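Asks: Combine both chains into one complex, guided by the hints.
Heads up: the protein sequence lines correspond to chains E and U, in order. Each step along the first sequence adds one to the number in my numbering, with nothing skipped, and position 175 is 175. Each step along the second sequence adds one to the number in my numbering, with nothing skipped, and position 151 is 151.
Honestly, I wouldn't trust all of these hints.
For lysine to any residue, the following SDA-like pairs were computed, each having C-alpha atoms within a straight-line distance of at most 20 angstroms [claimed, not checked]:
#1 K81(U) with K282(E)
#2 K81(U) with P172(E)
#3 K95(E) with R66(U)
#4 K81(U) with T182(E)
#5 K95(E) with P147(U)
#6 K81(U) with N181(E)
#7 K282(E) with P147(U)
#8 K99(E) with Y25(U)
#9 K93(E) with K39(U)
#10 K99(E) with N26(U)
#11 K95(E) with S100(U)
#12 K95(E) with V65(U)
#13 K81(U) with T173(E)
#14 K95(E) with N26(U)
#15 K39(U) with S100(U)
#16 K81(U) with G179(E)
#17 K282(E) with S100(U)
#18 K93(E) with I122(U)
Hint data in this document are derived by calculation from the structure and do not stem from the laboratory. Computed from a predicted model, the values in this text were never measured in an experiment.
Here is what each chain is made of, one letter per residue.
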Amino acid sequence: MNDLFISLSPFSFLVEPLSHEFMRRALMVSALVGGVCGLLSCYMTLKGWALMGDAVSHAVMPGVVVAYALGLPFSIGAFVFGVGSVALIGFVKQKSRIKEDTVIGLVFTGFFALGLVLVSKIKSNIDLMHILFGSPLGISYSDVHQTLLISGIVVSILVLFRRDLMLYCFDPTHARSIGINTGFLHYLLLSVLSLAAVAGLQTVGIILVVAMLITPGATAYLLTDRFDRMTYLAIFSSAISSILGVYISYWSDIETGGSIVLVQTFIFLLAFLFAPRYGILKSQGSTHL
Amino acid sequence: MMNDSFTDGQAFPLGIEASGLCVDYNGTVALYDASLKLKSGAICGLVGMNGAGKSTFFKALMGFVRPSRGNIRINGVAVHKAQRDQAVAYVPQNEGIDCSFPVSVWDVVMMGRYGSMNILRIPRESDRQAVWHALERVELLELRARPIGALSGGQRKRAFLARAIAQRASVLLLDEPFSGVDVRTEKLMSELFIQFKNEDRTILISTHDLSHVRDFCDLVVLINKTVLAYGETSKIFTKENLSMTFGGMPPDVLSGPESSADLINE
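So here's chain U without its partners, still in its complex pose (with noise of 0.2 angstroms):
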């Protein structure tokens, strides 16, 4: 099933490189020699039921979570070098945060430089200029002086993308990004998606949504526990490919999202 013809014969390193990879969260198999290769300039999308290793995927490859077996290079490098590379994003599903913090939105996407910056963290003219394209680029500019938790969520969403934005990651890994967001997020999103890929950035995004994968995911993978099916989104996106990733249960993808989404999420 799997089909790497589109990565052979690269010159430049690939954005993610993950081979044979297992995680066990204390003896319990959470994903099983799991291998992805994803050049840059692409969008792939991560699908799979809840459970199925999306979010441990994620943590291997942000190294949150150590593999037992595998490896896993980004842009050519171990991800810890990546990291400090500030080569790659991570945009939770959750941002898990204090949203009555005492920041801004406008500090907030500064994080994203801090990286880049000296152990004191002062901002450049360089960083100020970063921070605030981002913002322009997630149109959240006028709402830079807001305490981040004043904002809604989809909002709030975008404050994250530009914090990525700012970051200049190349690796940008989005956990189910359009969970919960209003329309105009979720056009401005998909917008942006392509926009990174046309910056020749590398993008994965897991999500429910299979309509989404359609619209503009170059390639998917399929997962439960260990990649079912791996390749450009026409060949891989089968009845039979879905049906064995959603155990069983054949999602009628042409359907439409609605009934697609209520499938997965029993």
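So that you can see chain E by itself, here it is in the shape it has in the complex (with noise of 0.2 angstroms):
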């Protein structure tokens, strides 16, 4: 029986890599991490913060070598440094007339050069590419506790607060006026969002942890018309692109986190093409129907 099982190819695909302890710690952690980025993703992109997103997650680049210098848990640098970038955007923006879009392009990239410049000039045995395009092939056990942590904080405070995140995504003035403090929801998403692209980019590095914090929510948006049924649909979305992609990244021998984020983007693509209401096809598909 065994043996005919094996011989079939899905099954021996899924299978197989599962031997290994590091392909089931890697598609855990991939897992975990992809439902977590894709229920943030439908704030993300509900919200309009796609830009933030992509500046918070290159601003946490300088906290990741800081704390690896130091010896310290690598997501405390890189929270400080997220939240820091976020706080120092909105100085910038408060004290100068230059708009929004560029303090947070000319913040980002100040962190990130400094990122850069840290990794060259620290002697130290961090692997620029891991932390740039992210391992989890090669995830640590220490980095699978920090990331099981964050996780559940994250998951922690989008389920308590999932309703006001939602009224303050899309009505903050009917919010404010009936008393709840939008200051502190939206200082609340913002350091969720940095521990969200701090788990992220053990997966898929820092410069492609934005696909996750807003593909997966782009995708859910094009299928539905509910907010709760969005969140589903980007969690199960995120966690199956990441699982697919560990899967394909084994057995093509490919980079990870792009193979994880390419499967992300082709079911995009698909929703785009397909969506029932909202795809670009949708005349002729309906016809056929």
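Replies: Printed below as a string of structure tokens:
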């Protein structure tokens, strides 16, 4: 029986890699991070914070380097710099006449450049490629624990405040008028974004983590008119993309972060073309049905 | 010009009480020394030119802009306390919302109940009933499952009014509720405003359209950077006062809404 099944390619495609400890770990972490970033991506796309996601994910770079150099958990350094960049963006925007998207671009490239310089200057065994492009197949136990903890915090906050955050994205004026502290929600969402970026850079790296923070939300947005359904779809498509991406990476020996994001992009393309109501081919589709 | 006689000797706190309100944006004065006392069970029209400070006045009442001087009480308490008590509902002129946001009409009206729910905002039976009745009153019950973006402009106005109803606020601030709505919505809203008044709510409506003020506003506030005149509509709505409000151009209030609206839009 066993031999028969193993000879079937889809079965061996999925099962054979599970015999390796590093693959089990990579699949678990990638799926978890994918789901968490997928949930957050709904808020990012609805709030129009794609650029902010890009900024925060790049800005954590020097934090990761400094943390490694000091022997601290990388997530602490990354979080400090992520939140710091957001605060700096807010400060520069408020104190100058420069438009917000310019400020965002300015701050995050500055932070990112600082990170690159630090990597080249601080003598350590940091692999620049791992930070930039992620390395879920080489993730260590302590990194797994950090990622689990970060994911737990992010999910708890997003579940606890999901209605308030939705209202904040949809109609902040009403939120304020019923006594909800929108300033708190603003910084809560930015903090969660920093945390999720830290988690995401484990799997796909700093360069591509913004894809984890927007693509699943954009895909789900094309598929439904219900916020709750959008979150489920985003979590599902993101987790599936991560799992498929890791498998494809294993079998084709291609870069894992790129593989995960390509699967996400492919699923987005499917939605873009074939989504029942908002796909560009919907008229042809509906005549067939 | 101030006429406070009808608010004197109130045993209950006033719905809206603003005294000596000054608001400036980075040195530009938007409102100075504006005072208003408004009892519950009344509809008050807020009339002034574009840029006269109507929206600023609303924003100050909602605590969205901090007055540089002056004091505001809603139902006798500070604005933020009143908001936490769900006492104030604000229906802005342009909802300023993303119309492709994935929420239904029902979801939007349910947002009026959030402040009365626990932190997870899980609706109870009473919340669902409040939403149902609110939708019934604005005649949107059949469209409750529609995405908010699928509604017409007038229907959307009614949906946001339903949210204010579901909130059970005692003070309603309505910024230009009649701008760009269809005849059916206009009629329905006029009737609702009269009902709100009979339910002893405090209603402040800003409007360009002077005919609406004559039709159902008990009180009127004429505003141009400050309160020029305030009192019962019949006494305040004089040619002299309106001429003063609209910068020396006397809109002929008796010749119908079109001509006066045209004049104001200049």
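Asks: For each hint, tell me whether it holds in the structure or not.
Replies: Status of the hints after comparison with the structure:
1. K81(U) with K282(E): 50 angstroms, violated
2. K81(U) with P172(E): Roughly 18 angstroms between the alpha carbons, so the hint for K81(U) and P172(E) holds.
3. K95(E) with R66(U): Answer holds: K95(E) to R66(U) is near 19 angstroms, not above 20 angstroms.
4. K81(U) with T182(E): 16 angstroms, holds
5. K95(E) with P147(U): 39 angstroms, violated
6. K81(U) with N181(E): The given pair, whose Cα atoms are some 12 angstroms apart, holds under the 20 angstroms limit.
7. K282(E) with P147(U): Between K282(E) and P147(U) the Cα gap is close to 19 angstroms, so the pair holds against 20 angstroms.
8. K99(E) with Y25(U): 19 angstroms, holds
9. K93(E) with K39(U): Violated, at about 42 angstroms.
10. K99(E) with N26(U): 18 angstroms, holds
11. K95(E) with S100(U): 33 angstroms, violated
12. K95(E) with V65(U): Judged against 20 angstroms, a Cα distance of about 19 angstroms means the pair holds.
13. K81(U) with T173(E): Distance ~17 angstroms between K81(U) and T173(E) Cα, so the pair holds.
14. K95(E) with N26(U): Holds - the C-alpha atoms of N26(U) and K95(E) are around 13 angstroms apart, at most 20 angstroms.
15. K39(U) with S100(U): At roughly 39 angstroms apart (the allowed maximum being 20 angstroms), S100(U) and K39(U) break the hint.
16. K81(U) with G179(E): 8 angstroms, holds
17. K282(E) with S100(U): 18 angstroms, holds
18. K93(E) with I122(U): The given pair, whose Cα atoms are some 37 angstroms apart, is violated under the 20 angstroms limit.
Going down the numbered hints, you'll see the structure goes against 1, 5, 9, 11, 15, 18, while the others check out.
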